[in-house]
Amino acid sequence: SDHMENIYGYLMKYTNLVTGWQYRFFVLNNDAGLLEYFVNEQSRHLKPRGTLQLAGAVISPSDEDSHTFTVNAASGEQYKLRATDAKERQHWVSRLQICTQHHTEAIGKNNPPLKSRSFSLASQGSANSPGVQRRPSQNAVSFFNVGHHRLPAGKRVPIMQPDHLVDVREMMSQAEGQQRDLIRSIECLPASGHLTSLDQDLLMLKATSMATMNCLNDCFHILQLQHASQQKGSLPAGTTISWLEPKISLANHFKNGAAQNFPAEINKAASVREEQSIAEPCQLTREPEEINPDEELEDICDDKEDDLGAVEEQRSVILHLLSQLKLGMDLTRVVLPTFILEKRSLLEMYADFMSHPDLFVAITAGGTAEERMIRFVEYYLTSFHEGRKGAIAKKPYNPIIGETFHCSWRMPRGHVAAEAGANCSAHSPAEQVTPPKEAGGQAEPDYYTVKFVAEQVSHHPPVSGFYAECVERKMCVNAHVWTKSKFLGMSIGVTMVGEGVLHLLEHGEEYTFSLPCAYARSILTVPWVELGGKVNINCARTGYSASINFHTKPFYGGKLHRVTGEVKQNLTNTVVCRVQGEWNSVLEFTYSNGETKYVDLTKLSVTRKRVRPLEKQGPFESRRLWQHVTESLRDGDIDKATEHKRALEERQRNEERLRAETETPWCTKYFLKDGDGWVYHKPLWKTVSAAQTQQTDSN
1 SDHMENIYGY LMKYTNLVTG WQYRFFVLNN DAGLLEYFVN EQSRHLKPRG TLQLAGAVIS
61 PSDEDSHTFT VNAASGEQYK LRATDAKERQ HWVSRLQICT QHHTEAIGKN NPPLKSRSFS
121 LASQGSANSP GVQRRPSQNA VSFFNVGHHR LPAGKRVPIM QPDHLVDVRE MMSQAEGQQR
181 DLIRSIECLP ASGHLTSLDQ DLLMLKATSM ATMNCLNDCF HILQLQHASQ QKGSLPAGTT
241 ISWLEPKISL ANHFKNGAAQ NFPAEINKAA SVREEQSIAE PCQLTREPEE INPDEELEDI
301 CDDKEDDLGA VEEQRSVILH LLSQLKLGMD LTRVVLPTFI LEKRSLLEMY ADFMSHPDLF
361 VAITAGGTAE ERMIRFVEYY LTSFHEGRKG AIAKKPYNPI IGETFHCSWR MPRGHVAAEA
421 GANCSAHSPA EQVTPPKEAG GQAEPDYYTV KFVAEQVSHH PPVSGFYAEC VERKMCVNAH
481 VWTKSKFLGM SIGVTMVGEG VLHLLEHGEE YTFSLPCAYA RSILTVPWVE LGGKVNINCA
541 RTGYSASINF HTKPFYGGKL HRVTGEVKQN LTNTVVCRVQ GEWNSVLEFT YSNGETKYVD
601 LTKLSVTRKR VRPLEKQGPF ESRRLWQHVT ESLRDGDIDK ATEHKRALEE RQRNEERLRA
661 ETETPWCTKY FLKDGDGWVY HKPLWKTVSA AQTQQTDSN
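Going by UniProt numbering, the residue at position 168 of the sequence shown is 168; the numbering climbs one at a time, nothing skipped.
Mixed in with the good hints, there may be bad ones.
Below, a list of computed lysine-lysine pairs in the PhoX-like style, where the Cα atoms sit at most 20 Å apart [what the hints assert, rightly or not]:
1. K394 <-> K484
2. K484 <-> K395
3. K474 <-> K395
4. K568 <-> K603
5. K534 <-> K568
6. K553 <-> K534
7. K686 <-> K87
8. K616 <-> K597
9. K474 <-> K673
Read the hints as simulated data drawn from the structure, not as lab findings.
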């Protein structure tokens, strides 16, 4: 109680992207459990500009910096505030938390658990009703007054027959429509008065009704599985089970509390389109396809991602999602809202890590083992800026199993030679690259080609394999990545489990490497992304290794996106190169001879990838597979994008259930399981080795 004094003072309050931060005078009213703010101290005697009820609120210091914190009210409203320093922030956070705890416990003592109540849906009019009038004597409980239905004593519920599932589906659709009307009726209530849209009982009703519908949907799914298992033994050979589905997707039922109006005809048409564009697993040709680089055209797609900015308009969606999560929870099976998506698949994001192919090809041109390791580190650190599209807090599409992505890059040989000269340190001259001759004496093209292929080889766990090669330079890279996402409170962490191997066949060297973790920070305010963790690069043949640290921002002070690292010779433990800077800005390389080089990633040229036109792509290639989602996102139609995305994901789940029922294993197309990893089916090191063996035999 000694800490329950009223406190007041100036804080900065974030309003929106246009207005930004503004100084406001805040007052913590402990007796009433309110946080109020005024334009300034002189207007304190006037009506507050804003008020938050602290009972049930969450007070969260931000990991964005040491001055910012957020107050998330139970109603869904939020204040993002900033103190002058870390000490003042701690003072406000402590007092707010004490007040919040006191009033939250008081509500629990004064309000015993709710008894069984009766609610009415039908009597409140249509969804278009501007509001519902009631007498002042009515409370939130009596506002809805249709009783629960109970079976007479001694009556037993008849066993549900499989052919009754259609009737159950219709009942589910009706219940979903009633719940939609309920939510609309509550949200049409005035913001003040005897009964408001923020009434605690009504907020509880909204939450429990949604949870009930989710539970019913799960039960309906169980009935579907039972129905399928009962019929499994009597199905003729080759018959495909047609899965029954609810007409409305509960997961995408609401956007900011408003219903998504997708008529049955539209849903049916979308379903037909998806079925036409995706073949059944049994009909797929799983034979690897040889992609002709000459069919690929320079990519003209320039999907610049807009920053998410403040997420006030999406807060109800995010709060609903967060209410279902626990600290450390695996997010692999959690469906995230569509508005945070980038307009590309994760497989294409891996390809974008190769957006500087000239630096990639220049690795093997290093004159010494030390030079080649340094060049690989330089290429590795310059890949994240374009691959991650800067620090924008959006995520790519989760690839569906069997999804693939193909592309290539072309670089003039002279340009690569010039880059090699520009990037090498003074102690090692650049190799002069000249176009080799073919067996017939005809000169090869005056450009290098780097080909790339990626495939989603597993759904649970989600594992992607990707492979890139430059035949002319006899180099290739093979990698597999398992993305593990976890909920960390006000952040989401993604661990990239797996390993990559770069093969320089001209030198007989293999470089193993890993990938850093990624974090989406401040997911309730202005989301942003940072990389974190330690990665290692090793070449066992030469004895050179590199250790790279991606530093997450400390709680107090510090820079964003900082990276440090060093390259050393393991036998002598000698450091031959040090690096520091920001992975999305400027990197500084210091060599053992004392020379220093700066790389400004924002000015580094990006080579556009070459991709086949959509009409020439297969049904499971990323851009064709996700084209309707991407087009809807470009048009700003989040609802339509969500519907297309849901159709793809539901299709994947149904096919997975079918494979489980029929005990049919999934067959990959381009990658083969190799121990704990995945390897491209036709890697360059096998091709070159076979060619050398054949040449030896002919001699």
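- request: Hints the structure violates: just list their numbers, smallest first.
  value: 3, 4, 7, 8 and 9
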